Amino acid sequence: MGSISVLLVGKVLPYLEQELDKRYNLFRGIDPSQRAAVLRDHASSIRAVVASSSGGPDAALIEALPKLEIVSSFSVGVDRIDLQKCKEKGVRVTNTPDVLTDEVADLTIGLILAVLRRICECDRYVRSGNWKKGDYKLTTKFSGKTLGILGLGRIGAAVAKRAEGFDCSICYYSRNEKPDSKYKYYPSVVELASNCDVLVVACPLTPETHHIINREVINALGPKGVLINIGRGKHVDEPELVSALLEGRLGGAGLDVFEKEPHVPEELFGLENVVLLPHVGSATVETRTAMADLVLDNLEAHFLGKPLLTPLV
Amino acid sequence: MAEEEEVPAILVLASSFGIDIKSQNPPKYRFLEAFSSNLPLLQFLQQQQTLPPSVRAIICNALKPVTADVIRSLPSLGLVVTASAGTDHIDLTECRRRRIQVVNIGGLFTADVADMAVALLIDVLFKISAGDRFARNWGLSKPLGFPFGSKLGGKRVGIIGLGRIGGEVAKRLEAFDCIIKYHSRNKNPSVSYTFYSNVVDLASNSDVLVLCCPLTEQTRHLINKEVMLALGKDGIIINVGRGALIDEKELVQCLVKGEIRGAGLDVFEDEPNVPKGLFPLDNVVLSPHAAALTLDGFKDSCEYVTQSLDTFFSIKPQVS
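Taken in sequence, the protein lines are chains S and D. Take the first sequence: its position 2, counted from the start at 1, is 2 in UniProt numbering, and no numbers get skipped. Take the second sequence: its position 159, counted from the start at 1, is 159 in UniProt numbering, and no numbers get skipped.
Source of the hints: derived by calculation from the structure; they are not laboratory data. Check each hint, because a few of them may be wrong.
Below, a list of computed lysine-lysine pairs in the DSS-like style, where the Cα atoms sit at most 27 Å apart [unchecked claim]:
| no. | chain 1 | residue 1 | chain 2 | residue 2 |
| --- | --- | --- | --- | --- |
| 1 | S | Lys132 | D | Lys299 |
| 2 | D | Lys151 | S | Lys161 |
| 3 | S | Lys137 | D | Lys28 |
| 4 | S | Lys132 | D | Lys64 |
| 5 | S | Lys133 | D | Lys64 |
| 6 | S | Lys184 | D | Lys171 |
| 7 | D | Lys299 | S | Lys224 |
Which residues of chain D face chain S? A few of them, derived with a C-beta cut under 7 Å, are [what the hints assert, rightly or not]:
| no. | residue |
| --- | --- |
| 8 | Ser15 |
| 9 | Phe126 |
| 10 | Arg136 |
| 11 | Gly149 |
| 12 | Ser150 |
| 13 | Ser287 |
Quick caveat: nothing in here was measured; it's all calculated off a predicted structure. All C-beta atoms, glycine included, are put in the ideal place defined by N, C-alpha and C.
Starting from the given sequences, assemble the full structure and let the hints guide the process.
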């Protein structure tokens, strides 16, 4: 298989890059000028693209690769990939569901606790020597609060299961109500936001869910409400979020993703009611390795004519 | 018997009792907020124009000790109300000698303390505080190089002290698919978790140790070098009990040398002093004994504190 040409267009775990290099004829096209050079010389031989949350093939790139057979994404979210174009051209697409569900759910609870209980601020308080001047102030209890989940898919359900261990009430919004669910359904995001203490964004990013967290939703969540985004930065109207936090219209936020990563709005740095993470959602050793193996196994299955493990298209 | 004409003076040693109690009209009690003063007790009372014998009750929490000296300075002290699960910060022997009632409302904060234990554990495993520091310093390059965390599912969690708090910690971590084990003075027949009669054995068979037991002569420095080495290089210690449960000097050494993977600490041997050796480390999360400091907890507790005071002061003082 060393003669099969594969194009890498997003940042991935070094282990994955090394394995791709070993097994295939790997071309790196993460930065635009690199990609342009590769396309100039090798566009007609590339049979597979490896994508990630930081980069994926849009319609133009798919058009430029006449021999493209498969896009394998090192992520569960595929908003960077033009799925419609792939369908049209008969290009298969795989992602990495399930392996990261638990970790993302764990991190979500960790983020909620970090915001409500001011864990990061407390840690700063101790390290700066401020504890010698006085005890820390009262924070907000998590147990027993109402959690609103936007998108009750695998990750949303895993978050709900963990929150139940804290005696939280769970409610949700989904495109369609889930008849088997024991949780309370709200038919709109604004109603969900009005009726919960913590709102967790756990749905895929699509044109419909772009900026699904807007000014109206943020105001409905309110001065005591907390927003947790472990989805995609573009789920949230970021300038609206920032002004709501600065003006006190929103109680707090825990963010693992941002609209223009790696850019983080600087106005957030001075706020004690936010926790900011550098997109670590699935960043545990075990998960990233499992994700890498899924990418490799899907590619191998495809080129051996076997069924794909986790196909989306 | 003489009626108490003066509004009773209550010595408040805990900084978080300012809510609601103060908004009584007319004031039933006069709260002397000693927590914000650096003066020694007797000088403070003098400054408040209060004679020591008029202080008959204290409100406190685990952050300020009610020592024998404090008790002896207040000859009419009859009630100590503490908002903490533990009572090791109160000289109970002196209280017994003087027949001072000690009311412990710590049970109201059980969930908060359990929440803190889980918060610290997830933070250490996923490097949340370290990540927050990192994100606030982001340059232009995407930090895929930020060190990875480790998943909770499947981790063996050894709880030391399976009382109310330990039980609530266990319940929460089960929802994350952790495997719960424990060490307690006695085995609990109503739980299915694996019991270890020996702490070193528990440590050898755990990935995480969560300390939820009281501080007594038997549990002082329970977590020593032997236990930490048995826990091992991938092990994490979470302490929401008392600082002195751990040999702190040894802990710092083990963390610095990588003999254990990390720690989440809400309590320390000599609060508010924290060993400076911990400050440069990214594998520890430090908290200023804040496990029970939530608004919700305190709103609930105000009712109980008020009840305790009302009950105590409606009992007329005996004339001996």
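**Q.** Restraint check for Lys132/S with Lys299/D, where alpha carbons must lie at most 27 Å apart
**A.** Holds - the C-alpha atoms of Lys299/D and Lys132/S are around 26 Å apart, at most 27 Å.
Q) Is it true that the CA of Lys299/D sits at most 27 Å from the CA of Lys224/S? A) holds, 16 Å
Q) Does the structure keep Lys133/S and Lys64/D at a Cα separation of 27 Å or less? A) Holds: Lys133/S and Lys64/D sit about 14 Å apart, inside 27 Å.
Q.
Hint validation: Ser15/D versus chain S, beta carbon distance must be below 7 Å. Holds or violated?
A. Given a least distance of 5 Å, the restraint on Ser15/D holds.
Q | Agreement of hint Arg136/D with chain S interface, Cβ distance less than 7 Å | A | holds, 5 Å
Q: Identify whether the interface hint at Phe126/D stands, where standing means a beta carbon of chain S within less than 7 Å of its own.
A: Holds, about 5 Å.
Q: Assess, step by step, whether the Cα of Lys151/D is no farther than 27 Å from the Cα of Lys161/S, and give holds or violated.
A: holds, 16 Å
Q. How about Ser287/D: closest beta carbon in chain S under 7 Å, or not?
A. Status holds, d = 5 Å.
Q. Does the alpha-carbon distance linking Lys132/S and Lys64/D stay inside the 27 Å limit?
A. holds, 13 Å
Q | Closest C-beta approach of Gly149/D to chain S relative to 7 Å, hint status | A | holds, 5 Å
Q: Mind checking the alpha carbons of Lys184/S and Lys171/D for me, to see if they're no more than 27 Å apart?
A: holds, 23 Å
Q. When the nearest CB of chain S is found for Ser150/D, is that gap smaller than 7 Å?
A. holds, 5 Å
Comparing the model with each earlier hint shows no violations; every hint is respected.
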